[in-house]
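Peer 1: Chains B and C: place on chain A using the hints.
Residue numbers (the numbering used here), protein chains in the order written: chain A, 1322 to 1667; chain B, 1322 to 1667; chain C, 1322 to 1667.
Careful, some of the hints might be misleading.
With a cut-off of at most 25 Å between alpha-carbon atoms, the simulated SDA-like pairs for lysine to any residue come out as follows [said to hold, decoys possible]: (1) C:K1616 <-> B:S1438; (2) B:K1369 <-> C:F1508; (3) A:K1369 <-> B:S1617; (4) C:K1517 <-> B:S1617; (5) B:K1517 <-> A:G1337; (6) B:K1517 <-> A:P1421; (7) C:K1616 <-> A:A1633; (8) C:K1517 <-> B:N1662.
Over the 12 Å line for every Cβ pair with chain C, so calculated as not near, a few chain A residues [as the list claims (entries may be wrong)]: (9) P1385; (10) V1398; (11) H1434; (12) A1509; (13) D1544; (14) A1594.
It is worth saying that the hints were derived from the structure and are not from the lab.
By construction, the Cβ of each residue, glycine as well, lies at the ideal position given by its N, Cα and C atoms.
Residue-level listing of the chains:
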Amino acid sequence: MPHGPFRLAEIVARFGGELVGDQDVVVRQVGTLAGAGPGELSFLTHPKYRSELAATRASAVIVPASERGATVLPRIVCRDPYAYFARVSTLFNPPPPSVPGVHRTAVIAPEAHVASSASVGPACVVERGARIGEGVALEAGCVVGAEATIDRDSRLHPHVTIGTRCVVGARAVLHAGAVIGADGFGFAPEGGEWIKIPQVGRVVIGSDVEIGANTTIDRGAIDDTVIEDGVKIDNQVQIGHNCRIGAHTAIAGCVGIAGSTRIGRHCLIGGAAMIGGHLEIADRVVITASSGVSKSIPAAGVYSGALPAMDARAWRRTLAQLRNLERLAERIRELERRLANLERPR
Amino acid sequence: MPHGPFRLAEIVARFGGELVGDQDVVVRQVGTLAGAGPGELSFLTHPKYRSELAATRASAVIVPASERGATVLPRIVCRDPYAYFARVSTLFNPPPPSVPGVHRTAVIAPEAHVASSASVGPACVVERGARIGEGVALEAGCVVGAEATIDRDSRLHPHVTIGTRCVVGARAVLHAGAVIGADGFGFAPEGGEWIKIPQVGRVVIGSDVEIGANTTIDRGAIDDTVIEDGVKIDNQVQIGHNCRIGAHTAIAGCVGIAGSTRIGRHCLIGGAAMIGGHLEIADRVVITASSGVSKSIPAAGVYSGALPAMDARAWRRTLAQLRNLERLAERIRELERRLANLERPR
Amino acid sequence: MPHGPFRLAEIVARFGGELVGDQDVVVRQVGTLAGAGPGELSFLTHPKYRSELAATRASAVIVPASERGATVLPRIVCRDPYAYFARVSTLFNPPPPSVPGVHRTAVIAPEAHVASSASVGPACVVERGARIGEGVALEAGCVVGAEATIDRDSRLHPHVTIGTRCVVGARAVLHAGAVIGADGFGFAPEGGEWIKIPQVGRVVIGSDVEIGANTTIDRGAIDDTVIEDGVKIDNQVQIGHNCRIGAHTAIAGCVGIAGSTRIGRHCLIGGAAMIGGHLEIADRVVITASSGVSKSIPAAGVYSGALPAMDARAWRRTLAQLRNLERLAERIRELERRLANLERPR
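Only chain A is shown next, with the shape it has when bound in the complex (with noise of 0.2 Å):
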C-alpha cells in the first residue's frame, strides 16, 4: 500500500534539502540506481555509484553536496542522502494501517487491558493483568504473557511470544518468531545433576527498539535484562539472562550474547559475533562479523577476531603449521642460541 505520488518540491518542502532541476517531476515509489525506472527516485551515497548515476533510468536522484553536478538529472542536493533516502522512502511507504479492534478468534483474558485503538489479530492470546496500549498492532497468533505490557504504537509481527510480566516500550517493531522472556539457561549443579534456578526477572525493552525474526531475549534471574532505547537487533540472535544492551546500539544477525554482559551505547555487533557472559563492552565499541569476545572491552574502537577460509588445502597447511607453532617458536630460539655462540669473539 505505497503512499503518494509526490511532487520533488513537495518532498524537499516536507524534509529539506536544495531541489536542483524540475520541481514539479512526480515520484511514486523509490529504487536503486540499477534497479529504478520512471516516476522512482534513486540516491547516490559513494562517489563509487557514479557510473550507476550516469545509467539510471530514475526519474531523480538524492545526491550528497560533493556529487552535485554528477548529474543531470533532477536532483535533491543534502548532507546525508541513506537518512534522507531513509525518510523519503518512509513517506511513500508507510507501516500498514491497523485496523482498531480485536479479532473475534483472540483470547482476551478478562483481566487484560486492551486499548481501543489498539489492533488484536486472529489467534492471539493476551493473558490476565497484561496491557496492550493505544495503536499497538498484534499480528496473527502473538502471545502476550500475564502482565506484560505493551507501550503505545508497537507492532509484533505473527507468533511473537512476550512472556509474563515483561515490558516493551513504544514503538517497537518486533519480527515474526520472536520470544521475549523465556527463562535464562540457570541450574546449580549437585550430585552430577541439575537444580533449575527460577528465572524471576524480567525483559524490560525501552522505546524505539526493532528486534528481528526467531530472536530470543531471556528474563533475568534475579534482576532484569535491560534492552535500552533505540536498539536495533537483527535475526537470530540470542541474548542471554541479565544482560543490558545500551542504547542505540545494533546487533546483527545470528549474535549470541551469553548472560549478564553489558554492552555499552552506540556499540556495532557485527553477525554472528559471540559474546561471553559476565563481560562490559564500552560505548561506541564495534565488534567485527563472527568475533568471538571473551574478555571486556573498555574502550571505544574496533575489535576483530575472525579467520577467513581460503583455499581448503591451503587452510590445511596453514592449520599444521598453526598447531606446529610452539615447535617453530622452540627452533627459534634454538637458533639464537646457536647463532650467539657462533658471534661469540674467540
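Peer 2: Frame of chain A, contents of chains B and C only:
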C-alpha cells in the same frame, strides 16, 4: 502411515537396477545395515561398511556394482545406491496425505483464494489477497500474509510465517517456525540514532525448495530476495535481504548469510558457515563447516577456515604463540640479518 | 505468584544446613547480594564477593562453611550455597499453577488422549493419536503432532511444535518456539539435484529435560534422535538427526550439533560451539564456548579452539602473519641450514 509392502521385483520394475536373488522377497520398510530386521531393505554406499553388510539382518540390500558379490542376500545392484534408497524410502514413506478443506478454526480473509484441493489446518490465518494453490497443505498455526502466494503441492509445517507479497513455488517444504519475509535489517544512521529503511522487496522462492525449522529469510529492501529452484536449506539458517541463492545449492544448519550476497548454483555450504554481505560466490563452491567468508569467491573449489578444538591447555599455548606471531617474524628477520653478517667473507 | 514468606527456621527444617543467628527472621524472596533488600535472602558462592556480602541489605544469607564468620547477618551455613539457593528460590517461586482443562479454542482430535489433570491453553492443537499426560501444561498455541506423547507434569511454553510420533518425557520444560521433530536434513544427490530422503525416525526425549526457546531437534532419518534424562539445552540450539545426547549434559545457547553425533553424559558444551557430524564425544567432556569440533573426542577433558577478538589493526597484522606461516617455517628451515653450514668445522 507407511505404504507397502512390496516384492523386490516390484521395486526393480519401478526404479530399475538389477535384481540378484529371490525376486519374491517382500519388504515393507527401509533400515540401516545395523538396525534393519527381517522385512526390511537396507543399502550399502561404501566398501567401509562391508562388515555391517556381513552382519545385517535385513531381508535384502541395495548395493553398487562393485559390491555385487559382497553378500549372498537378495540384492538390487544399481549405479547409485543412496539415490536408489531415497526413492525406495519415499515409496514406503510417502508424505502424509492432507485432507482438502479449511479447518473451522482457520481464518481466511474474504479476499483470499484457497484452492479447493488445498488443506488449511487449525488456527491458520490467510490474509487478504493471498493465494493458496492446489494440493497445498498448511499445517496448524501457519500465517500467510496479504497478497502472498503458495504454489501447488507445497507443505507448510506448523507455525510457518509467510510475509506480505512473498512467493513460495511449487512442491516446497517449509518446516515449523520458518519465517519468510520478515524485514531486512536496514537502518540509516543519523545523529547517533537509526532511521528505519522500509523493506519493500519480497522473498521469491522457486520450485522444489526445502526450508528448515526456525530458518529466517528476509524480504529485500527494494528489490527481492530470491531462492532459486531446488535449493535445500536446513534449520536455523539466516538469509539477509536481497540475497540470491542459486539453484540446487544446499545450505546446512546454523548458516548465516548477510545481505545482498549472491551464491551460485550447486554450492554446498557447511553448517555454521558465516558469509558476509555484498559478496559473489561462484557456482559449485563448497564451503566447509564453520568457515567464515568475507570476500567474494570467483571460482569453484573447496574453501575452509575453521579451527578445530584441541586440548584446552595446548590451545592456550598455541594462542599465546599466535598473538606473538609478529614478534616471532621479527626474530626471524633479526636472525637472517645476523646470519648474513656472519656469512660475509672477512 | 511468589510463595511464602518463611522463617529461616522453616527453610532449614526443609532443606538442611546450619542456622546461625536469629531463626525467626522472615524472608519472602531471594536476591543478589548487591540487589537484595530487607526481607530477602541472598547467597555467597565465592570469597571474591565478600565485599558485596559486607554491603548487602539482605536480611539473611546462605554461605559455605568457609565463610561462616564472614558476616554477622543471620545465615544458613551449608556445603553448596548455590544449589541451596536454587532450592530456596524454587520454594519462593514455584512454577505457575496450571488450571486443568482444555481451552475452548484448543483443537483436540477425537482420537487424541488428554489426561484430566492436563491443561491445554488457547489455540493449541493436539493431533490424532497424541497423548497428553497427567499434569502437563500446554501454553498458548502449542502443536502436538499425530501419535506424539507428552509425559506427566511437562510444560510446553507458547508456540512449541512437537512432531508426529515424537516422545517427550516427564517433567520436561520446553520454551517458546522450540521445534521437536522437524525433518532431518537428508538428501541424496543425483544429477546435480537432490532427492529427499524421508525422515522416518522420531525424537525421543527423556525425563527432566529442559529445551530452550527456538531450539530445534530433528527427527532421525531411520532410527531415532535421542535426548537422555536430565539434559539441559539453552536457546537456539540445533541438533541434527540421529544424534544422541547423554544424560545430564548441558548445552549452552547457539550450539549446533550435526547429524549422527553422539555426545556422552555429564558433558558441558559452551555457547556457540559447533560440533560436526558422525562424531563420538566421551562422557564428561567440556567444550568451551565458540569452539569447533571436527573429530571425535575419546577422553574426558577440556577442549578449546576459539579465537578471542583483539584490536582490529593488530588482528589484521596477526592474520597476515598467519597466512604467511608456511613461508615463515621455510625461512626457519633455511636459517637452520645456513647455520649448520657455518657451524661445520673448516
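Peer 1: Taking the hints in turn, state whether each one holds.
Peer 2: Each hint, compared with the structure:
no. : hint                : verdict
1   : C:K1616 <-> B:S1438 : violated, 49 Å
2   : B:K1369 <-> C:F1508 : holds, 21 Å
3   : A:K1369 <-> B:S1617 : holds, 18 Å
4   : C:K1517 <-> B:S1617 : violated, 30 Å
5   : B:K1517 <-> A:G1337 : holds, 18 Å
6   : B:K1517 <-> A:P1421 : holds, 24 Å
7   : C:K1616 <-> A:A1633 : holds, 17 Å
8   : C:K1517 <-> B:N1662 : violated, 68 Å
9   : P1385               : holds, 27 Å
10  : V1398               : holds, 34 Å
11  : H1434               : holds, 18 Å
12  : A1509               : violated, 4 Å
13  : D1544               : violated, 5 Å
14  : A1594               : violated, 8 Å
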